[in-house]
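Colleague: These are the residues of each chain, in order.
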Amino acid sequence: MGVGIEVVDLNAWYGVTHTLKDITLNIPPNSATALIGPSGCGKSTFVRCLNRMHETNPAARATGTVKVGDRDIYRDASPVEIRRRIGMVFQRPNPFPTMSIYDNVASGLKLNGFRNRKVLDEVVERSLKQSALWEEVKDDLKKKSGASLSGGQQQRLCIARALAVDPEVLLMDEPASALDPVSTSKIEDLIFNLKNEYTIVIVTHNMQQAARVAENTGFFLMGQLVEFTSTNVIFTKPKDKRTEDYITGRFG
Amino acid sequence: MRVKFHKNLDELKERLLVMAGLAEQAVQRSIEAYRTRDLSLCDLVFQSEPAINRFEREVDQMALDLLAMEQPMAVDLRFLYAVLRINADLERVGDQAVNIAARVQEMTAQASAELPVDIPKLANLSSAMVRKSLQSLIEANSEMAHSVLAMDDEVDAMNSDAFHAITELVQRKPDLAPQALNALIIARNLERVGDHATNIAEDVIFWVEGADVRHSSDSRSEKRDVEETS
Amino acid sequence: MTQIRPSRSNASIRQATNHIVTAISILSTIVVLVPLIAILFYLIYKGASSLNLAFFTHTPKPVGESGGGMANSIVGSSLVLLVASLMGIPIGIAGGVYLSEYGSGTWMGAIIRFTADVLNGVPSIVMGIAGYALIVVHQHHFSALAGGVTLSIMMIPTVTRTTEEMLRTVPNSLREAAYGLGVPRWRTVLSISLRSAAPGIITGCMLAFARVAGETAPLLFTAFGSNFWPHSLNEPIAALPLQIFVYALSPYDEWHRLAWAGSLVLITLIMLSVGLVRYVTSRGQLKGGM
Chain A
1 MGVGIEVVDL
11 NAWYGVTHTL
21 KDITLNIPPN
31 SATALIGPSG
41 CGKSTFVRCL
51 NRMHETNPAA
61 RATGTVKVGD
71 RDIYRDASPV
81 EIRRRIGMVF
91 QRPNPFPTMS
101 IYDNVASGLK
111 LNGFRNRKVL
121 DEVVERSLKQ
131 SALWEEVKDD
141 LKKKSGASLS
151 GGQQQRLCIA
161 RALAVDPEVL
171 LMDEPASALD
181 PVSTSKIEDL
191 IFNLKNEYTI
201 VIVTHNMQQA
211 ARVAENTGFF
221 LMGQLVEFTS
231 TNVIFTKPKD
241 KRTEDYITGR
251 FG
Chain B
1 MRVKFHKNLD
11 ELKERLLVMA
21 GLAEQAVQRS
31 IEAYRTRDLS
41 LCDLVFQSEP
51 AINRFEREVD
61 QMALDLLAME
71 QPMAVDLRFL
81 YAVLRINADL
91 ERVGDQAVNI
101 AARVQEMTAQ
111 ASAELPVDIP
121 KLANLSSAMV
131 RKSLQSLIEA
141 NSEMAHSVLA
151 MDDEVDAMNS
161 DAFHAITELV
171 QRKPDLAPQA
181 LNALIIARNL
191 ERVGDHATNI
201 AEDVIFWVEG
211 ADVRHSSDSR
221 SEKRDVEETS
Chain C
1 MTQIRPSRSN
11 ASIRQATNHI
21 VTAISILSTI
31 VVLVPLIAIL
41 FYLIYKGASS
51 LNLAFFTHTP
61 KPVGESGGGM
71 ANSIVGSSLV
81 LLVASLMGIP
91 IGIAGGVYLS
101 EYGSGTWMGA
111 IIRFTADVLN
121 GVPSIVMGIA
131 GYALIVVHQH
141 HFSALAGGVT
151 LSIMMIPTVT
161 RTTEEMLRTV
171 PNSLREAAYG
181 LGVPRWRTVL
191 SISLRSAAPG
201 IITGCMLAFA
211 RVAGETAPLL
221 FTAFGSNFWP
231 HSLNEPIAAL
241 PLQIFVYALS
251 PYDEWHRLAW
261 AGSLVLITLI
271 MLSVGLVRYV
281 TSRGQLKGGM
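Residue numbers (our numbering), protein chains in the order written: chain A, 1 to 252; chain B, 1 to 230; chain C, 1 to 290.
I should point out that these hints are in silico values taken from the structure, not numbers from a laboratory. Where a beta carbon is used, it is the ideal one built from N, C-alpha and C, also for glycine. Check each hint, because a few of them may be wrong.
[Stated by the list, open to error] Label-pair ranges, simulated between beta-carbon atoms:
#1 11(B) x 178(A): 35 to 41 Å
#2 151(A) x 4(B): 27 to 33 Å
#3 124(B) x 215(A): 32 to 38 Å
[To be verified] Straight-line Cα separation of at most 30 Å, DSSO-like style, residue types lysine-lysine; simulated pairs:
#4 132(B) x 241(A)
#5 138(A) x 4(B)
#6 118(A) x 142(A)
#7 239(A) x 173(B)
#8 121(B) x 239(A)
#9 67(A) x 239(A)
#10 67(A) x 110(A)
#11 129(A) x 110(A)
#12 239(A) x 21(A)
#13 186(A) x 110(A)
#14 7(B) x 241(A)
#15 241(A) x 13(B)
#16 186(A) x 142(A)
#17 239(A) x 132(B)
Modelling step: build the complete structure from the supplied sequences, incorporating the hints.
Modeller: This is the structure in C-alpha cells:
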C-alpha cells in the first residue's frame, strides 16, 4: 500500500544556487500527483529530494522535513534504506545493458544480496505483469538484454525493476518524455492501475499528461511551489495568475 | 506564447459578436414592427434567421476545432466553453425575435386595441440586458455581467404583471382576447430574451472569474471567495 | 542572400573530397597492417625452421652443443607475467575506480592522475634500475618476484587510466538507476559501473599486458635470466625477451636462429593470450547487450 508524503519547509541548493525555496505540501497516499512547471523550476530537484537522490551530487544540499508515511527520511533512515521504499523511474529509460531482462527486474533484490531463486522468479513475473510487459518478454527473459527492447518497453522494464523491490512510493521524472504516443499512453494506463497500490509522484512537461493521470497537480516556478491543488481546479480555474499564464501558454 | 491560438480566440470572439449584433438587431426590429405595425420589418426579421443560424454553426465549429487542436486550459478553456453556451443563447434570442415578428404579423390583421402591457418598455429593458451582457463579454467585465443578473428580476416582475393585467382584461373584455394573448406571448418572448441575456452574463462571469453563478441564490458571496484567493 | 544551396560544381568537389579521404584512410590502414604482417612473416621465415619439440621442452644447451630449447624461458616469462598481472591489474583497476568514482575533482585524484601519466612516460630501463635499487639490492639477489613487481608497476598506469576513461563512459543514469533501487555505492561500483565498463577495461589490461610481455630492459636488472628450470619465484628466472636478447647478441649462428624462433614464440604467445581473454570475456554476452 502507498503512504502519504508530508513535506515541510524543504529547501535545496546546488552549490550556491537555491533551487527549492520553502516547499511545503502534502501528497495524499494511493493517488497520482503531478508536478509541472518550466525547465529549471525545481520540480525534478523536488522529487529527487523525496528519495534523497538529490544528495548523490556532491554539490547538492537540502534542509527541511520530508515524512514518508510516519518516517522522517532525513532523520530516521539511511539514504539506501529510503530508496528501497521509494522507487524511481527516470526520464530516459535506463535498463542495465549488461543484464538480461530477468536480471534487470531482479537487480534491486539481487544487488542487495537476495538470492532465493524461487522468490526471485515470482517477483520478476509479478513485477513484469504489473508493468504490463510480461506477455511481450516472457519468452526471452534470460536470453535478451534489457537494452534490446524498444524505448517504451525499456521504460516499462524500468518500472518493473522499481516495483520489484516493493516500494510504497513511485517517483517518476518525466517517464514518457522520450516515448512515442502509443508507449506514452501505455505508461499512463500503468499509472492509472498502479495508484491503487502505490503513491505516485510524476514530474511532467506535458500538461495534458498531468491532466490525464493525476488527482492533484503542483505548479513550480523558480524554485517555488506556486499552487498545489486538485488537477481539475488547476486546469480549469487556477487561483494564481502565474499558474494561469503558464498553463494557457501566455508565459514568458 | 501561443500566438496562433490566441489570435484564433480573438477571431472567434469577433465572430460571436457579429452574430450577437444580428440577434440584437432582430429583436429591435421585431419591437419596432410591433410599435409601427410595419410588416416589412417583420420580413427583415424572418430573413435574418438563416444568417444567425449559419453563424451559430460556424462559431460552434471554430470553438470545437480549437478545443480539439489546441487543448486549451484554464481561462482559455472557460472562454471556449462560455462561447459555446453564449452561441446557443444568441441563436435562441434570434428565435425569440422571429416569434415576436410572427405575433406582430398576426396582430396587424386584428383590430388594434389599447392593451395594459407596456411592450416597448419591457423590450427596452430586455434589450438593455442583452447589450450589457455582450458589452461585458467584449470587455471581459464580470462586474458588468453581475449587474445584468440584477436586471432580470425586473423583467420577470414586468412579465408577471403583464400576465395578471391581461388575465383581468380578457375576463373583462373577452372579445379582445386574440390581441391580448398575442401581446402576452410577446411579453413572454421578451422575458425569454432577458433570460438568455442572464445566461450570457453568467457565462461571462464563469469565463472571467472561474465561478459558476448559475442558480445560486447568493452569487455575491461566491464572487468574494474568488477575489480573496486571486 | 548568399547562395547556401550546394551547386553542381560544389557537389563534384564534395564527391572528390569524399573519395580522397576514403583513400587516405584505406592507405593508413595498410600502413598500420604492413609492418605487423611483415614482422610476423619474417619471423616465421627466420625462426620456424628452428622450432621443434625440443624447443618447447628443453632448457638451453651450452655453446657448441646442438639442440636445446627455451622451455624454461617460456615458463619463466609466464610466471613473471602472472605475478605482474596479479599485482598490476587489481591495483590498476582500483586506482581507476578511485579516479572516476570517488576522487574526481579532488586534489588527491589530480595527484594520482598526474603520477600515473608521468609513470607511463618513464623509460623501461629506468624502471629496471628502480626495481634493482628498491627490490634486488634489499633482497641481495635477482628474482622472478622482483621482475614481476617491476613489470606490474609498468602496467599500473595504463590500466588505471584506461579503467578511469572507461568508467567515465558509463552513463550516470545507470548509477542513478542502481542508487534508486537502494543499492549501496560500493555495490553499484562493482556490479554496475565496472560490469558495464568491463569490455573496455579488459582491452586496457590486454594492452598493458602485451606491452610488458615484450619488455627486456626492466628484467635485465631484476629477473636477470637463467639457463635452468625455475624452482621458486625467489630466484633468478629466465624470460623469453631476456633469452632472445642474449642469443641475438651472441656470435653464434645457431643462437641467432634460436633468437628468431624465440621472438616468433613470444609474439604468438602474446597474440594467443590476448585472443583467449577476448574469447572468454565475449562469451555469455546477451543479445542486444553491450
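Colleague: With reference to the structure, classify each hint as holding or not holding.
Modeller: Here's how the hints hold up against the structure:
{"no.": "1", "hint": "11(B) x 178(A): 35 to 41 Å", "result": "holds (36 Å)"}
{"no.": "2", "hint": "151(A) x 4(B): 27 to 33 Å", "result": "holds (31 Å)"}
{"no.": "3", "hint": "124(B) x 215(A): 32 to 38 Å", "result": "violated (50 Å)"}
{"no.": "4", "hint": "132(B) x 241(A)", "result": "holds (27 Å)"}
{"no.": "5", "hint": "138(A) x 4(B)", "result": "violated (48 Å)"}
{"no.": "6", "hint": "118(A) x 142(A)", "result": "holds (15 Å)"}
{"no.": "7", "hint": "239(A) x 173(B)", "result": "violated (60 Å)"}
{"no.": "8", "hint": "121(B) x 239(A)", "result": "violated (42 Å)"}
{"no.": "9", "hint": "67(A) x 239(A)", "result": "holds (27 Å)"}
{"no.": "10", "hint": "67(A) x 110(A)", "result": "holds (28 Å)"}
{"no.": "11", "hint": "129(A) x 110(A)", "result": "holds (19 Å)"}
{"no.": "12", "hint": "239(A) x 21(A)", "result": "holds (20 Å)"}
{"no.": "13", "hint": "186(A) x 110(A)", "result": "holds (28 Å)"}
{"no.": "14", "hint": "7(B) x 241(A)", "result": "holds (21 Å)"}
{"no.": "15", "hint": "241(A) x 13(B)", "result": "holds (22 Å)"}
{"no.": "16", "hint": "186(A) x 142(A)", "result": "holds (24 Å)"}
{"no.": "17", "hint": "239(A) x 132(B)", "result": "holds (27 Å)"}
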